[in-house]
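Knowing the structure of chain A, use the given hints to seat chain B on it.
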Amino acid sequence: MTQPIIKVETLSKTFVSKERKKGQRKRKKAVQALKDIDLEVYDGEVFGLLGPNGAGKTTLIKCLTTLLLPTSGTAWVNGYNVETQEDLVRASIGCMLMGDRGLYWKLTGRENLNFFGALYHVPKSPRLQRIEYLVDLLKLGDFVDRTVETYSSGQRMILAFAKSLINDAPILFLDEPTVTMDVPTARELRKIVRELNEAGKTILYTTHLMHEAEELCDRVGIIDHGEIIVLGTVPELKASIPHEDVVNLEGIFPTYVVEELRGLEGIKTVAVTAEMGGRSRLDVLCENSRLMLPKIIESIAGNGAMIEFIRPQEVTLEDVFVVKTGRTLDVDTRQVVVEGKGGRGR
Amino acid sequence: MGEVVSHGLGLARPGWRANLEVVGTVVVARLKIVARYKGVILMEAFLPIVFAALPILLGVSIAGGSEKAATNFFNATGTENYALYMLIGASTFMVVSLMLWLVGYWLRREQESGTLEALYLVPTRRIYILAGVTTYAMIRSLTAFLIAIILGSLIFGVNPFSGNVLMAIAFLGIGLLPMWGISFLFGAFIMKVKEANSVIQLMQWVVAFLMGVYFPVTVFPPLLRFFALIFPPTVMTDGMRGSILALETLYGGWYVNFAILIAMAFVIPYLGYETFLRMERRIKRNEGVGQF
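Keeping their order, the protein sequence lines are chains A and B. For the first sequence, position 254 (counting from the first letter as 1) is numbered 254 according to the numbering used here, and the numbering increases by one without interruption. For any residue, its number in the numbering used here is found by taking its place in the second sequence, counting from 1, and adding 1000.
For reference, chain A alone in the conformation it holds in the complex (with noise of 0.2 angstroms):
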């Protein structure tokens, strides 16, 4: 499993866009997605890419399916590059991109995968077994002949899902597949992936859902801004941050609480999500957290802050996040803006 099935090197998307400020003239804003991404995907590896909103995990994506082309450097997708042999890259891959859009509405489930299996250049005859074949092995006999107009929004993620399976293609990219569907269903799905993966299956996965990527992923890339920060096997992520454990709290923290939190000996980071009715939750890294425990209670408490919740934690993938990056994973990040004017994509 060291050969890759995917290589990116040094890849680089720039958008130009208008920025349009009130009382000023429109200006060109070239906003720089990714930076110098160099990155190999094993064959047979289930590969997590992980990064909060804007970071740059869908364009990266984008550019490995063929949907946008890169401002600079290359990639290679079972062998074929991105930009000189689009199609091939295409017939190589299964996709589930956009999550349920990307379906037509009038249209059955069935007829759906025999539209899209038709257009991968799936003949006729292995296309209608392959569509029976999805069709128990996702459980959708019960709605694939109605109009997928009337399908609940977790029954068309999971036709969505057979889509990208009709071409019985060697890589997947599956982006955020489980979002919207319930509890049971999502953990068939997780199931059914790594069936597919043990059946030698290459598949990129994206994720907000740290405990997905826990179980599923083989290796993990956390991007941020548009740069790979962390690369490698769940354990060894975990391994790169020794002798820090985590204290998460959830509740009301003044600003002043949290910025003497972080002033305290032994304290490492400290990260913020704001939630809603002005509740916040921080994730507090530091040396020994049994140690640490009253001293931040002691901080905290009797000091305009209200704790509702208060939890020593092993050292997660969101931590290791938390700790490259001093943001969590909740938290939108900006692309970088290279440039203030004019500079236009390739």
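Hints are computed from structural coordinates only; laboratory data are not their basis. Because the structure is a prediction, the values reported are computed rather than measured. Where is the CB? At the ideal position from N, CA and C, for every residue including glycine. All clues stand as given, with none of them false.
Restraint ranges, calculated between C-beta atoms of paired labels, are given here:
(1) A/R25 x B/R1125: 38 to 44 angstroms
(2) B/V1206 x A/G154: 46 to 52 angstroms
(3) B/Y1270 x A/S72: 29 to 35 angstroms
(4) A/G154 x B/F1161: 55 to 61 angstroms
(5) A/K26 x B/L1031: 42 to 48 angstroms
(6) B/S1113 x A/L128: 24 to 30 angstroms
(7) A/L128 x B/K1192: 35 to 41 angstroms
(8) A/G154 x B/G1039: 31 to 37 angstroms
(9) A/R25 x B/L1057: 48 to 54 angstroms
(10) A/L264 x B/K1192: 53 to 59 angstroms
(11) A/R20 x B/G1039: 38 to 44 angstroms
Quick look at chain B alone, frame taken from chain A:
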């Protein structure tokens, strides 16, 4: 690059047979979708009749009777059969207009619903998907054309089979090929501006004007006449009218019209598709096809 492994293409078996199947599948899927919106095609068929009725009735009232109208019309066009002249014009305009509408709206709707991005993820080349969509647009518009001609002839009391019907059909058939190209150009434009309604509204009137739906384009001033004469729907409509109503065509003999249409049938689809591909590449360099 040799280090990157390859595991084949799964169940995909590309080739001419697969491409042909794509065209058929797209046509069938579009027809299924439109069939699930009840009564659409029938309603479209009534539009040309209304379009033709307005100037016919206006002309008769201005001339002060249908005989006077026929005489006046003969002086301008060489035929007294103004009702059939306009019915052919309005019905052909419906075909042209529907082909632009359907391709333009198809692209826009696919962009909004997210299916355009899904279509860009499949290995099928765009030409085959576009061929499927334009063929569907052709089937739908020709169905509306046929119903409109039959119903319109009954309503206005004219005989559409009076002249050389086969030649008229040949003009329609050949004339639709450059329409493919024009709809590709139109699609490229819609993809860029990301707006279909206003463009279609404007184009509809420009097309109706240029192709001479209600009048011969010989009444135009020279520059406008030049543009009308190089506009494929004008040549197609003129050829059809010439065949059915035994009129002299704009370019003299019917064969000249025919030869020009054949040349247009080769050049315009090629230009249209090339423009579409260039626009698509330009969009993929920046925002991507899914952004709307």
